[in-house]
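Model the full structure from these sequences, guided by the hints.
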Amino acid sequence: MQPLLKLSSVNRSFGAIQALKDVDFEVLPGEVMGLVGENGAGKSTLVKIIGGFDNGYTGNYAFDGQSVRFASPAKAEQSGIAIAQQELSLIPTMSVAENIFLAGHNVPAVANKRKLVDMARPFLEEVGLDYIDPLSGVDRLSVGEQHLVEVARLIAHDPRVLILDEPTAALGEQDSIRILDMVTRLSERGKSIIYVSHRLDEIFKITDRITVLRDGESQAPRTADTLNVNALVELMLGRELDNMFPERRPKRQAAALMKVRKLWPDGLLEPVNFDIYPGEVLGLAGQLGSGSGEILGAIGGTHRTRSGALTLSGREFLPSSPKQAIAKGIAYCSDDRKLDGLFLGRPIRENLSSPALGSISKFGWMRRSAEEELANGIAEKFTVDTARLNAEAGVLSGGNQQKVALGKWLSIAPKIILVNEPTRGVDVGARAEIYQKLRDLADEGAAIVVASTDILEMTNLPDRIITFYRGMQIGEIGLEDMSAAAILKQITDPFDETNL
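39 is the number of the first residue of the sequence shown in this note's numbering; add one for each residue after it.
Calculated from the structure, these hints are not laboratory results. Careful: at least some of the hints might be erroneous.
Cut-off 30 Å, straight-line C-alpha distance, at most; resulting in silico cross-link-like pairs (DSS-like, lysine-lysine) [to be verified]:
#, residue 1, residue 2
1, Lys297, Lys366
2, Lys475, Lys419
3, Lys361, Lys243
4, Lys453, Lys361
5, Lys400, Lys361
6, Lys86, Lys59
7, Lys300, Lys419
8, Lys44, Lys297
9, Lys59, Lys153
10, Lys243, Lys300
11, Lys366, Lys400
12, Lys419, Lys400
13, Lys527, Lys300
14, Lys419, Lys376
15, Lys366, Lys376
16, Lys453, Lys400
17, Lys113, Lys44
18, Lys453, Lys419
19, Lys453, Lys297
20, Lys419, Lys366
21, Lys86, Lys527
22, Lys59, Lys297
23, Lys243, Lys297
24, Lys366, Lys475
25, Lys243, Lys527
26, Lys366, Lys300
27, Lys453, Lys376
28, Lys361, Lys297
29, Lys113, Lys59
30, Lys376, Lys475
31, Lys44, Lys59
Derived CB-CB ranges, DEER-like [claimed, not checked]:
#, residue 1, residue 2, range
32, Gly103, Val181, 50 to 60 Å
33, Arg342, Arg260, 46 to 56 Å
34, Ala365, Asp156, 53 to 63 Å
For every residue, glycine included, the Cβ atom is placed at its ideal position computed from N, Cα and C.
Shown next as structure tokens:
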């Protein structure tokens, strides 16, 4: 079978940096091709070239047997190539049907709402949203449903190749399943899919073949059923990764470092109660919207609460700002490093030292030597290149940005470290490093509390798990009972007694 899309010997440089080196890539008709690699491996550059966002490359690009070079994304889309990117391009105040036909493609010059509804239904059915009212506002849908509407909008243009770039990165388990089911349906109907993801379990579930990019170079595509996770990781890293997750050992419980009592963050249906122990990695497991992220925000002073109290070192308090939490030795690493985790336009050095300005300045003047010493120490501990500390944080890969966003909190020597979605959008190599650093910090006596919608992460990282479902605290799972099935049962269908 001849490839529908084929790139040969593609090179792309940005100044002295060569992002792609003689890359070969192809997709067959009706195939789901996985595209994987570490952050900085060249995946985004390749996707931009395929989608017409970047035509400054050298090499050959053939589509449907014809040599092409798209001058713009619109040209690529007209030829049958569409990209659903991580950042949604929907207009929240408009209806689902209006968003689907926003570009005016194949829409009559005059069309009332009923006409748009009738035209939208087939595309909604194709992505599994047949239960959605096309006149509903997009802002009333879940994040996963909005992603599917985005794909429905692209399908309305009748693409032959659909590129999905990290479509489940910000989604919970149920919404992720919807995306994967949609990919399978589209493939069965003859669409070619390029699926870009850091979630290796998804790659194996839905792809026919997998292409690996490593340091800007492509590896020959492999059929998914001839690989396993370890073999794929070795292709991505160029070396074996002994263990993704550090070893967990049962610990004797000391006295609780913090007691969370009747804490009721906005967005939850009822208050929550649990204890946090030193030297432990505690997991808060739940789907997107379950309330686990809001609980971390409340403890870290970034999320409003109706009531409740935290007891730390025998004293009750409830922070109303991050400053108050930091003063108690509580560090909070949010789930959106670009929004409120980093100063992207400032040097890495300043980011690493930012929480500790009081200790490295005197009378309002920065002590540069103290700042450099502090930043260098943290960078070495989190394997961030110390030679790049004067570069802007925004130029780092996603994995290195996450390491800076987390590592900066070491500057205040925190007793409790709260981490929301610790590896969202992070490649497999950086994930392993982050997991090890969290474990090291716990072994040094800190209490680590992690909220995550990634089931693989929740199953293998924490020592103990508190589960949540739709704003309610459900239960607790100890290390001896921890499994993906046990976690999923409590966070997706806790009240079904038929399977007990």
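Outcome of the hint check:
A hinted pair counts as satisfied when its Cα atoms are at most 30 Å apart, and Lys297 with Lys366 qualifies at roughly 14 Å. Straight-line distance between C-alpha atoms of Lys475 and Lys419 comes to about 8 Å, which keeps the hinted pair within the 30 Å bound. Restraint check for Lys361 and Lys243: the C-alpha separation of about 44 Å exceeds 30 Å, so the hint is violated. At roughly 15 Å between alpha-carbon atoms, Lys453 and Lys361 fall within 30 Å of each other, so this suggested pair holds.
Of the pairs offered as hints, the one joining Lys400 and Lys361 holds, with about 19 Å between alpha carbons and a cut-off of 30 Å not exceeded. Annotation: proposed proximity of Lys86 to Lys59 holds, straight-line Cα distance about 15 Å (limit 30 Å). Proximity of Lys300 to Lys419 is assessed by CA-CA distance (about 37 Å); at most 30 Å being required, the pair is judged violated. Distance check on the hinted pair: Lys44 and Lys297 sit about 58 Å apart at the alpha-carbon level, beyond 30 Å; violated.
The suggested pairing of Lys59 with Lys153 is violated, with an alpha-carbon distance near 49 Å, which exceeds 30 Å. With a C-alpha separation of about 41 Å, the suggested pairing of Lys243 with Lys300 is violated against the 30 Å cut-off. For a cut-off of 30 Å, the pair hint linking Lys366 to Lys400 stands: about 22 Å separates their Cα positions. The suggested pairing of Lys419 with Lys400 holds, with an alpha-carbon distance near 26 Å, which does not exceed 30 Å.
For a cut-off of 30 Å, the pair hint linking Lys527 to Lys300 stands: about 25 Å separates their Cα positions. The straight-line distance between the Cα atoms of Lys419 and Lys376 is roughly 22 Å, inside the 30 Å bound, and the hint therefore holds. With a C-alpha separation of about 25 Å, the suggested pair Lys366 and Lys376 falls inside the 30 Å cut-off, and the hint holds. For the hint pairing Lys453 with Lys400, the CA-to-CA distance comes to about 25 Å; that is within 30 Å, so the pair holds.
Distance restraint check for Lys113 and Lys44: the Cα-Cα separation of roughly 17 Å lies within the 30 Å cut-off, and the hinted pair is therefore satisfied. About 17 Å separates the Cα atoms of Lys453 and Lys419, which keeps this hinted pair within 30 Å; it holds. Using a Cα cut-off of 30 Å, the hinted pair Lys453 and Lys297 holds, with the two alpha carbons roughly 14 Å apart. Annotation: proposed proximity of Lys419 to Lys366 holds, straight-line Cα distance about 23 Å (limit 30 Å).
Distance hint between Lys86 and Lys527 is unfulfilled; the C-alpha atoms sit about 39 Å from each other, more than 30 Å. Distance restraint check for Lys59 and Lys297: the Cα-Cα separation of roughly 54 Å exceeds the 30 Å cut-off, and the hinted pair is therefore not satisfied. Under the criterion of a C-alpha separation no larger than 30 Å, the hint pairing Lys243 with Lys297 is inconsistent with the structure, at around 41 Å. At roughly 22 Å between alpha-carbon atoms, Lys366 and Lys475 fall within 30 Å of each other, so this suggested pair holds.
Between Lys243 and Lys527 the CA atoms are separated by roughly 20 Å; this keeps the pair inside 30 Å, and the hint holds. For the proposed pair Lys366 and Lys300, the alpha carbon gap of about 20 Å is at most 30 Å, so the pair holds. A threshold of 30 Å between alpha carbons decides the hint, and for Lys453 with Lys376 the separation of about 25 Å falls inside it, so the pair holds. Between Lys361 and Lys297 the CA atoms are separated by roughly 20 Å; this keeps the pair inside 30 Å, and the hint holds.
Simply put, Lys113 and Lys59 have alpha-carbon atoms about 25 Å apart, close enough for the 30 Å limit, and the pair holds. At most 30 Å may separate the alpha-carbon atoms for a hinted pair to count; Lys376 and Lys475 meet this at roughly 21 Å. For a cut-off of 30 Å, the pair hint linking Lys44 to Lys59 stands: about 16 Å separates their Cα positions. Separation of Gly103 from Val181 is about 38 Å and departs from the stated range, judged on CB atoms against 50 to 60 Å.
Checking the proposed 46 to 56 Å range against Arg342 and Arg260 shows it holds: the Cβ atoms sit about 49 Å from each other. Taking the beta carbon of each, Ala365 and Asp156 are about 59 Å apart, inside 53 to 63 Å as hinted.
The structure is inconsistent with the numbered hints 3, 7, 8, 9, 10, 21, 22, 23 and 32, although it conforms to all the rest.
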